[in-house]
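**Student:** Spelled out, the chains give:
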Amino acid sequence: MNKESLKLKVTEYTAKVAKSSVKFPERTNLYYNRLYTPLDLEGMDYEKDLGLPGTYPFTRGVQPTMYRGRLWTMRMYAGFSTAEESNKRYRYLLSSGGTGLSCAFDLPTQIGYDSDDVISEGEVGKVGVAIDSLADMEILFDQIDLGKVSTSMTINAPASVLLAMYIAVAEKQGVGPEKLKGTIQNDILKEYAARGTYIFPPKPSMRLITNIFEYCAKNVPNWNTISISGYHIREAGSTAAQEIAFTIADGIAYCEAAIKAGLDVDDFAGRLSFFWNAHNNVLEEVAKFRASRRMWARIMKERFGAKNPKSWMLRVHTQTAGSTLTAQQPENNIVRVALQTAAAVMGGTQSLHTNSKDEAMALPSEASVRVALRTQQIVAYESGLADVVDPLAGSYYVEAMTNEIEAEALKYIQKIDDLGGAVAAIEEGYIQREIQDSAYKWQKDIESNERVIVGINKFQIEEKPLEGLLRVDASVGELQKKKLAKLRAERDNVTVNAALAKLEAACSDENVNVMPMIMEAVKTYATLGEICNVMRKVFGEYQAHATL
Amino acid sequence: MEKHVRVLVAKPGLDGHDRGAKVVARALRDAGFEVIYTGLRQTPEQIAEAALQEDVNVIALSLLSGAHNHLFPRIVELVHDKGMTDVLMIGGGVIPASDIPALKAAGIAEVFTPGTSTTSIIDYINAHVQ
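Sequence lines, in order, name chains A and B. Start counting the first sequence at 1; every next residue gets the next number (our numbering). Start counting the second sequence at 549; every next residue gets the next number (our numbering).
Keep in mind that the hints were calculated from the coordinates and are not lab data. Quantities reported herein were computed from a predicted structural model and do not represent experimental measurements. Some hints here could point you the wrong way.
Said to hold, decoys possible - Across the chosen pairs, the derived CB separations fall in these ranges:
(1) B/D629 to A/A474: 19 to 27 Å
(2) B/A650 to A/A501: 41 to 49 Å
(3) B/D629 to A/R536: 46 to 54 Å
(4) B/G580 to A/T547: 41 to 49 Å
Stated by the list, open to error - Cut-off 30 Å, straight-line C-alpha distance, at most; resulting in silico cross-link-like pairs (DSS-like, lysine-lysine):
(5) A/K179 to A/K307
(6) A/K523 to A/K181
(7) B/K630 to A/K444
(8) B/K652 to A/K464
(9) A/K172 to A/K444
(10) A/K301 to A/K203
Cβ atoms here follow ideal geometry from the backbone N, Cα and C, with glycine treated the same way.
Same shape as in the complex, but just chain A (with noise of 0.2 Å):
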């Protein structure tokens, strides 16, 4: 290759199209009707900057095998009304080929109140299951052997109770919680700046993150203890650059927790994982992922010294990006979320949920989550997508977009350690304040025609409401009440309360692992108000200001 003959061509290229009256929204610095040659490569390093997959800095993958050894898990996100509903379900879904399960709570449950708290009526079994005992989490896993199957658990604030659920109902299958897998969610500083489900303040929310952590690393060691998340971030409105920015800096602030703590970080870097968004950009967001593992590599090499190659890996689950999808011909979303999904696995993300047609209305139902799961399936077992590990390493264009988001998520994630880390940068509202500007233009875009939403605003009909939509009634609120009340007459109050001082007291000693008192308090069939509140009487309130 002749390089300067090359950059003339490209040169000249780069003027006649320039002409090109198609605009495209977003990207500043990388214009569409660009062309990308060898030029754009120029610098790079394979062994340094790719390496194999497998190996160190991992942009390649985290496994050298990636799905020609074993297919990403399929984990379909769900649960709505109660246990037994919910467990009707997750039972579905493991027949219909789901390899995974993925729990989704109501909020009540994911801000610590029980169904019969004044603030939970009308939002019991909404969004996701009902949990306010040990009894209902053993409805929920009632046929399901927690010694084969994975779970992962979309559960923040109070993460250390529903995972001493978890374990207490494994225990009770016969399966001790060395062999349990899984992840609980537990990331808290994003709830703070995107997702909204918090509920003590920054502080003691680190100590109980950093106190499962250490839980963990001594008797549930095939755990993932927590799933950084950019998901929401993304959803909240970010940019792709932001929404791994965002997330990395959280973990460099989880990392210094921890090692504050007096955690090695080799001891709970390796169960360390992630959340990542896969969004309409189906190029991007591969970049997006190869960016990401490379600079999590590093940080985790570089800058806080770990040594094990398993601490260095960012392991991820990705979730098809649901803002994407439209109540308008809502089959289009079908679309949308198996170009999603190819997205997904081209970036080489470890598990899958996929998005159903009815996103945008209501909770999936059987009908609609059978069609995305099989999304999964037909990617997987059809399209060859997951025959060649990091099949567009080696493109100009994919290489050149993972060093620019690289560039740009470095940028933001300076800028945060120069603000004194995330937990500063978001009691600071800069986070905050950086999506809600991308959320803005996003809008700005598609309201001024410069970004086009099939069926929104352009090919729009009219149209009857989608019918068979999944709906959660007042009923279960009910249910869930008396089913409190009789829990309460029946249980022994006294081993219960005894356990809840046990909680006080380790909660107000800083250097106490409160979840041996959690799994204690949580067998006495204590409920999830009833822990939450002693903790809340300990810890406090997070107080939020709303920064528009």
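Given the coordinates of chain A, assemble chain B onto it according to the supplied hints.
**Tutor:** Positioned in the frame of chain A, the structure of chain B alone reads:
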């Protein structure tokens, strides 16, 4: 003459999805309305009280958690109890079409569902605010 419009954008209940509420609040502000955003976790009582204290002409409720059938009518009730009978109350979020008639009967003037443009909300307020 331009009306002096004050809007309370509120998030009732436990729902933490605030992208839409914030985008709408900002768009309304850019359109010249005075906007007060309550932030998350507002009880019906807090919303009604804020509306009174801020002397608003419009209350815009955002909810994506499915609790709208319980919370929206309750908020309307409390707002009316406080003597604010002229306030324009609108809602938005993940609200099935089949729920809208009942919400309107309860006093929510209009419900804006996914895909709505901010311009249509601004136009609606300008056309209906008292």
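**Student:** Determine which of the earlier numbered hints do not hold for this structure and return their numbers in increasing order.
**Tutor:** 3, 4, 7 and 9
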